[in-house]
Amino acid sequence: MTNGVVLAIIGAALAALLAGIGSAKGVGLVGEAAAGVVSVDPSKFSKVLLLELLPGTQGLYGLIAAMFILIRTGVLGGNAADLTTTQGLAYLAASLPIAIVGLISGIVQGRTAAAGVGITAKKPDHNGKAIIMAAMVETYAILALLISVLMILNIAV
Amino acid sequence: MSTTKYANAVAAIKAMENQLLTRGDIDQLINASGSSEIQSLIAAKRGTGSGPGTLNEVWETISSYAPEDKELRILLYRSDFHNLKAALKALIAGRDPKEYYIRPTGLDLDTLSPLLAAKDYESLPEHIRSTAEEAYELLTRTLDGQLADSLIDTSAMKAMQADAERYGTGFMQDYARLVTAAADIKTAYRCALMKKPRNFAELAICGSTGLDKDDLIEAALSGTESLFTLLESSPYDEGGKLLAKSPALFEKWCDDVIMELAEGARMKAFGADPLAAYYIAAEAELKNLRIIRVCKESGADKETITERMRKLYV
Chain A
3 MTNGVVLAII
13 GAALAALLAG
23 IGSAKGVGLV
33 GEAAAGVVSV
43 DPSKFSKVLL
53 LELLPGTQGL
63 YGLIAAMFIL
73 IRTGVLGGNA
83 ADLTTTQGLA
93 YLAASLPIAI
103 VGLISGIVQG
113 RTAAAGVGIT
123 AKKPDHNGKA
133 IIMAAMVETY
143 AILALLISVL
153 MILNIAV
Chain B
163 MSTTKYANAV
173 AAIKAMENQL
183 LTRGDIDQLI
193 NASGSSEIQS
203 LIAAKRGTGS
213 GPGTLNEVWE
223 TISSYAPEDK
233 ELRILLYRSD
243 FHNLKAALKA
253 LIAGRDPKEY
263 YIRPTGLDLD
273 TLSPLLAAKD
283 YESLPEHIRS
293 TAEEAYELLT
303 RTLDGQLADS
313 LIDTSAMKAM
323 QADAERYGTG
333 FMQDYARLVT
343 AAADIKTAYR
353 CALMKKPRNF
363 AELAICGSTG
373 LDKDDLIEAA
383 LSGTESLFTL
393 LESSPYDEGG
403 KLLAKSPALF
413 EKWCDDVIME
423 LAEGARMKAF
433 GADPLAAYYI
443 AAEAELKNLR
453 IIRVCKESGA
463 DKETITERMR
473 KLYV
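Protein chains in written order, with the numbering used here: chain A, 3 to 159; chain B, 163 to 476.
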């Protein structure tokens, strides 16, 4: 296994790891807020659950980027390509947008969705507005995923 | 502590806010024919939910959700110092203080009196420790209950301001400042009316930002007109005008100003402020219900009751 492959694997690991941490923190925070509402009014469970799901997507995006790297480099099939150090660094760099944006946006989206839980608690009819506000943060995670995937797919192997 | 630690507590409090009475509910209660109709209207509003029954229940609910209550305990300082006052006086008079205690309180009421009797001040909570010692000494030396009351009340305000600075957010600091200013103005007004001597005014007036202690003492010693003139040039000019009309109107203004402050705090998504705001709102609601009941019993008309209603939170 070349240094290039090791660097590419580090990139895949970072994408899954950092974006996953962001999602875990975000979902956890909304879960805490949602539990607070449900402890007072259990009928609002389904509405707050929607908000709790939102910060979970960053982890999925990290997984997608990691899978692309592993497939493109042949690591997933057990037949890793002989990547140069430069190619490995390119995969590592390609993983960074979704890794870093996934981490930050997962946490920030968690805060926004947790605040939105307050809207759902007080005015359940306005739950949609809370979802829209939290979903706005998602845009930047999607853009980061797009850039990471485009970079991964365009690195010559 | 990270404000997101309060996410669970704030969300639960937001859900509980739906149980608070609205302006429409209060109007219905004012129009109710008697206490049984008032009870049924409140029961209908609460439904199966758990609205504020007593302030002690509200505090227990809030503290059960709050990850820490150091900052929130500032809200209880007034009752803590009242209980200290009750315990000291009962100790001097050789009576049981339990019936004079008020709740909620941050003090352990089972140990308060024994600790004071043993002069074990070090075992008392930090915020009442030095006051307890000073007040006991003053009370045993002078046997002047009013002087000891003034010392304890002033210490309560000082402790509230100091701990709001130490642990609290901007909201808690503003709350402590407003409560202190309101108490100082009321004390200065009483001093002016009763022509209290300088040494009493100096002990009873605390002083706060926007209302200098020395100016307030001088105004109180010169009479009510001087006090109203001083208030005109202070942030409390509106309150001063109302105090000139009636102390009851001033009391209502104080409660309303604190409620306006709480309204700002409840918009926050994280932190202890929405919890404190809910406590203040529940306190105001219970006060409104008490006013309605008392007014109904004394046969007051609807306009009078409406005038006395405190500003609502929801």
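Derived by calculation from the structure, the hints in this document are not laboratory data. Glycine is no exception: its CB is placed at the ideal position from the N, C-alpha and C atoms. Hints are not guaranteed to be accurate.
What the hints assert, rightly or not - Listed below are several chain A residues computed to face chain B (Cβ distance under 10 Å; list not exhaustive):
no.	residue
1	GLU34
2	ARG74
3	GLY80
What the hints assert, rightly or not - Straight-line Cα separation of at most 20 Å, EDC-like style, residue types lysine to aspartate or glutamate; simulated pairs:
no.	chain 1	residue 1	chain 2	residue 2
4	A	LYS125	B	GLU387
5	B	LYS449	B	ASP270
6	B	LYS449	B	GLU422
7	B	LYS473	B	ASP417
8	B	LYS207	A	ASP43
9	B	LYS473	B	GLU394
10	B	LYS358	B	GLU387
11	B	LYS348	B	GLU327
12	A	LYS125	B	ASP187
13	B	LYS473	B	ASP336
14	B	LYS375	B	GLU364
15	A	LYS124	B	GLU387
16	A	LYS124	B	GLU425
17	B	LYS403	B	GLU380
18	B	LYS357	B	GLU380
Here's how the hints hold up against the structure:
no., hint, result
1, GLU34, "4 Å, holds"
2, ARG74, "38 Å, violated"
3, GLY80, "43 Å, violated"
4, A/LYS125 with B/GLU387, "49 Å, violated"
5, B/LYS449 with B/ASP270, "25 Å, violated"
6, B/LYS449 with B/GLU422, "16 Å, holds"
7, B/LYS473 with B/ASP417, "8 Å, holds"
8, B/LYS207 with A/ASP43, "15 Å, holds"
9, B/LYS473 with B/GLU394, "23 Å, violated"
10, B/LYS358 with B/GLU387, "15 Å, holds"
11, B/LYS348 with B/GLU327, "23 Å, violated"
12, A/LYS125 with B/ASP187, "18 Å, holds"
13, B/LYS473 with B/ASP336, "18 Å, holds"
14, B/LYS375 with B/GLU364, "8 Å, holds"
15, A/LYS124 with B/GLU387, "47 Å, violated"
16, A/LYS124 with B/GLU425, "14 Å, holds"
17, B/LYS403 with B/GLU380, "19 Å, holds"
18, B/LYS357 with B/GLU380, "12 Å, holds"
Comparing the model with each numbered hint stated earlier shows that hints 2, 3, 4, 5, 9, 11 and 15 do not hold.
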